[in-house]
Amino acid sequence: MKLIEYQGKDLFRRVGIPTPKGVFATTAADVKTFIETNPGSWVLKSQVMMGGRGKAGGIKFADDAAQGETLAKELIGKHLVSIQNPEGETVKSLLVEEKVNIESEAYVSIAIDRDERKPVFIVSAKGGMDVEEVAEHDPDAIVKYWVDPAIGFSPFMARQLAFAAKLPAGYLKAFPKICAGLYDLFMDYGANLLEINPLVLTKDGQVIASDSKVDLDDNALWKHPDVQAWNKATPTDEDQEAALAIGLGMFNYKKFPDEPGEPSKRVGTIANGAGLGMGTMDAVKNAGGAASNFLDIGGGAQADLVKKSYNLVTSDPRVKAMFINIFGGITRGDQVAMGIVDALKGDDVRKVPLVIRLTGTNAEEGRKILADAGFFPVETMDEGAAKAVALTKGAN
Amino acid sequence: MPIFLDKNSKVIVQGITGREGLFHTGRMLAYGTNIVGGVTPGKGGTRIESGQPVFNTVKDAVDGTGATHSIIFVPPFAGSDALYEAYDAGIQLAVCITEGIPVHEMLKVVATTKGMRIIGPNCPGVISPGKSLVGIMPGGVFKEGNVGMISRSGTLTYEIVDGLTRAGFGQSTCVGIGGDTIIGTSFVDCLREFANDPETHAVVVAGEIGGAAEEAAAAFVGEHMPNKPVVAFIGGRSAPKGARLGHAGAIISGNTGTPESKVRAFQNIGAPVADRPSDIPKLLGQLLQTARA
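Protein sequence lines, in the order shown, are assigned to chains A and B.
In terms of our numbering, the first sequence is residues 1 to 396.
In terms of our numbering, the second sequence is residues 1001 to 1293.
Incorrect hints may have been included.
[Stated by the list, open to error] Under the rule of at most 20 Å between Cα atoms (straight-line distance), these lysine-lysine pairs were calculated in the PhoX-like manner: (1) A:K213 with A:K55; (2) A:K60 with A:K118; (3) A:K285 with A:K307; (4) B:K1108 with A:K118; (5) B:K1228 with A:K118; (6) B:K1114 with A:K223.
No lab work stands behind these hints: they were computed from the structure.
Okay, chain A solo, but in the shape it has when bound:
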């Protein structure tokens, strides 16, 4: 679960990482009232997930309440588009923050290194820019430290990083505390990524997290119900929502975009198991077609879930044929077949040619049941993919 800037900063403050003074606002009136009671220069930052928000015009500066109100009206409801996010995102809320006097900008993040099986700190004195660009053009400007989870965080790690990255001296006192906060947050809340870019050193010597990027492990969200509830207010991925709505895991469904040079008539795919799901879409490609999606219905093949999944996949008009790939294993083939026939016989499903690959115990009986119901049963994955791709070619 990815958090928006103001949510990430809420977490930062919980572990003692300083953030600029500010207020979260959803209306222009709120912005006006806030600046009236707190006169001065304020920054209005659009609260969106997308990168490149500044260049897209999502950040404005206001010197008084009237200007703040005008700019807030302009921003709220505005559709921002950036190079990183060409589809864009509509601004629903703002973070009104004090303008900080920047002396220096640094970069710090902590993420999971899956091959080392350790959390890794990444630090650079070149803050405020795209860290991937820095890594590409000036790799020496980036330093890393892998934390042994058996030891946990200790301040020397931050000192080592700060000296190696040549952070300006003004950072040194605050930096270990900030890294300690990040590590606590990372482990307690279960983060995939925590990033502060830029970590600002102000002219009066304060070290402040000026932005936040937070991505939390969905499997750990239950530990912090208050944070889990934020998810509902956050724009989520459409595919994930669709998957959750029919009782699948959030990553068990993915609709693929159109790619130039690929067939516009697609094969919808359903398989039991993630690996088999990937194998199924690869098989469609190998047969000269293109899968519309990835969908893993999990270990078994319950009829009700097959039906819901079928309806989800066929809601994509590009789908001209379906390929359901069930590796029987424990479940009996004839039972799976009867379940599928029963689930898909009604008028509440879109009828497209349906190829079903069925193996396992009693698979032959299963295939007979499917053939009698007007479907196309096959024995192997390659055969099924070829049949489904052929069927899309004849379709309108």
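With chain A held as given, fit chain B onto it using these hints.
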């Protein structure tokens, strides 16, 4: 001698009276696995229908049965606790079926349970065909033989093994290492065992997009397995960039984890990469024939 487990390995089931635990205990017993008991807190002193004793703690179960292997069927919130309990009780190999254990708990588990081999989590387990099944795999698909198999997925493993069995290639041991970001046993860990196992004549590595485990596996094979043929398969080659497909680990970001990089890694060391699972038996047959000649 297969790797990780054989006919005599004494196995306990953590979560033996739960729905999944009980169901798969029955299947494993039917396969011939030496299940000596199980654990469900509060049900110690009872027995399951087939007669195996239930204990309150893993320590009691180990003391009472001499078990060295454990298979874990507990809910995700109890997953890391179950692994620590197995470690504390001196279990040598724990298979963790549980899906959805927080990544950060697994980071701590793998850093602190040195000496205990963990397979998984979120995996189908281990099978030494004809000898023992510690997992949820459909035993009927497997056949005793000399091909080792390592995979990050469940049903894709069955798909590949089914093809091997039909083509006459039995298996020494098949390990499903799991699809999570942080797992206890890697491809390389399994390859190291297979390299030293005289009964394993060839190995199939079934990887998928995401991470760099396949690249590491290829490097190990190139360096340490000159005389043992290896065939690779990479799932998800047609996936768009950035898409996370079911397995938490299966995401392509930046230039790491791409199918091209994985395919190239195996090709560079001379190991063929099958375009489709059904090509694996043929490639394996060619390699074994060359090795014998």
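Right, here's what the structure says about each hint:
no.: 1; hint: A:K213 with A:K55; verdict: holds (18 Å)
no.: 2; hint: A:K60 with A:K118; verdict: violated (39 Å)
no.: 3; hint: A:K285 with A:K307; verdict: violated (24 Å)
no.: 4; hint: B:K1108 with A:K118; verdict: holds (9 Å)
no.: 5; hint: B:K1228 with A:K118; verdict: violated (32 Å)
no.: 6; hint: B:K1114 with A:K223; verdict: violated (27 Å)
This entry does not satisfy hints 2, 3, 5, 6, going by the numbered hints stated previously.
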